[in-house]
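**Q** Same order as they appear, the protein sequences are chains A and B.
Following the working numbering, the numbering of the first sequence begins with 1 at its first residue and continues without gaps.
Following the working numbering, the numbering of the second sequence begins with 1001 at its first residue and continues without gaps.
No wet-lab data here; the hints were simulated from the structure.
Just to be clear, a hint being listed does not mean it is correct.
[As the list claims (entries may be wrong)] For lysine to aspartate or glutamate, the following EDC-like pairs were computed, each having C-alpha atoms within a straight-line distance of at most 20 Å:
id, chain 1, residue 1, chain 2, residue 2
1, B, 1091, B, 1160
2, A, 15, B, 1121
3, B, 1120, A, 9
4, A, 3, B, 1289
5, A, 97, A, 67
6, B, 1053, A, 50
7, A, 93, A, 81
Spelled out from the first residue to the last, the chains are:
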Amino acid sequence: MKKEDVPQDLSSLGKITKEVCYATDKSGKYVTELSKGWDVKITALDTHWEEIEQRIAIAKQKVLNHEASPLLFFMEKNLMDAVLLAGYAGFWKWQVKRHLKPGIFKKLNNKKLQRYAEVFNVTIDDLKNINVHEA
Amino acid sequence: MCMKLNFEHLQSAHCENGVTRSLLKNIGINQITEPLAFGIGSGLFYVYIPLLKINNGPVIAFRPMPGLIFKRTCKALGIPVVRQKFNSKQKAETFLNNCLNNGHPVGCQVGVYYLTYFPKEYRFHFNAHNLIVYGKEDDNYLISDPVMETVTSLNSYELERVRFARGTLSPRGQIYYPQAGAHITEDQIKKAIVSGIKKNVREMLNIPFPFVGVKGIRYTGNKIKQWRNKLGVKQAGLYLAQLVRMQEEIGTGGGGFRYIYAAFLQEAYAYHPIDELLEISKMFTESGDLWRTAAVQAAGIYKGRITSQEDFNIMGNYLIEIADIEYKAFTALKNIKWA
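Produce the complete structure using the sequences and hints provided.
**A** Quick look at the structure:
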């Protein structure tokens, strides 16, 4: 890539920091150049987030339909799967899978709920009522 | 505790190169630029892991395991390294504080998801990021993140959270730094360049799995052609978006890595005046350009602008062409007669 071809499409990262790119100058020698972002990368990220938003919406509906416990919603919201959530909350994967069932979730004591609430940065009430505070 | 080590923040294209370069510079080794660290550390890699999924898409890696570039570069240059992982968060913080008290800025492997100074859109459960801690003021650790233009900070809770991120490649508080006092000669750098290139040639050409190295790139190219029929246009588009994210995202990179490697070969020429190095450098530039062209094609597909089987064939063929170029480039590197 030539130095003058380093893309400068402002990304959300570009507002905070530019990225270093290696590119060639007129004599063909490699130099560094700062980039604000690249449209192709921005849309790849956007595409990914659209998919995540969809998964969250589906999860939310499942919770409202009592097909899943609120954990599913927060799990998707935090881009986690059962293994990862188990790792953060200090449970086994099979325990998390059980807790994803609404009936079993309702019977969880506050101590266990608190472990989940901490992972998601919410209160126990928020966890039960799927309240989200956007940080 | 309030202390700030004398440390110069340097921005880099790739986090681990940056950490390596900065930590070495901090102990008085100024010759190792980012491309040299990348090349001596054999930073080019490729693997497409079949059957496994991450973020509901294919697992594709453009780099060796986190920590390897630092480890190999220091080893090749004969610099002793201190490296530690922890089971206890308490011990991990005590160790960090001791390092700082003894005057060592340290590299830390961290997860990106809870990294508060990154924009939300970039925060995934990705555990192979590296940063440097170079001091502490009250409860705030002073951070030099090589992909950022300026220094930043994390409070002790935030730092603990990213050092103990969970999931694939969890860092487990991993800390590392090169020991001071080493002095390296030009001759050592010359030897390190040769061993770094040889190792990279082996990793890209000689690993006997069809989905690793140059073969892996060709394998992915062939797979992509089947994605449309197998997964449907929408899912196949998401897969390609994932490929591009893995390829071009900060700290990782397919296209970007080729340019750094091309820059490395130019710098290697200054130590080993062998004309082939400059020619092969151009081949990696060509490959990097083609990775970027492929990303543009992928973007056309995941934006839904072009979605025919022919478009997927073109996409797959770009990767096959890249594999051909890189096969030639690495074979040429393999055949160099080092003085």
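**Q** Indicate, hint by hint, whether the structure satisfies it.
**A** Comparing the hints with the structure gives:
1. The hinted pair formed by residue 1091/B and residue 1160/B meets the criterion: a straight-line CA distance of about 11 Å does not exceed 20 Å.
2. At most 20 Å may separate the alpha-carbon atoms for a hinted pair to count; residue 15/A and residue 1121/B meet this at roughly 12 Å.
3. For the hint linking residue 1120/B to residue 9/A, the alpha-carbon distance of about 18 Å falls within 20 Å, and the restraint holds.
4. Between the alpha carbons of residue 3/A and residue 1289/B the distance comes to roughly 12 Å, so the proposed pair stays at or under 20 Å and holds.
5. Proximity of residue 97/A to residue 67/A is assessed by CA-CA distance (about 13 Å); at most 20 Å being required, the pair is judged to hold.
6. Taken as a hint, the residue 1053/B and residue 50/A pair is honoured in the structure, with Cα atoms around 19 Å apart against an allowance of 20 Å.
7. Distance hint between residue 93/A and residue 81/A is fulfilled; the C-alpha atoms sit about 9 Å from each other, no more than 20 Å.
The structure meets every hint from the earlier list without exception.
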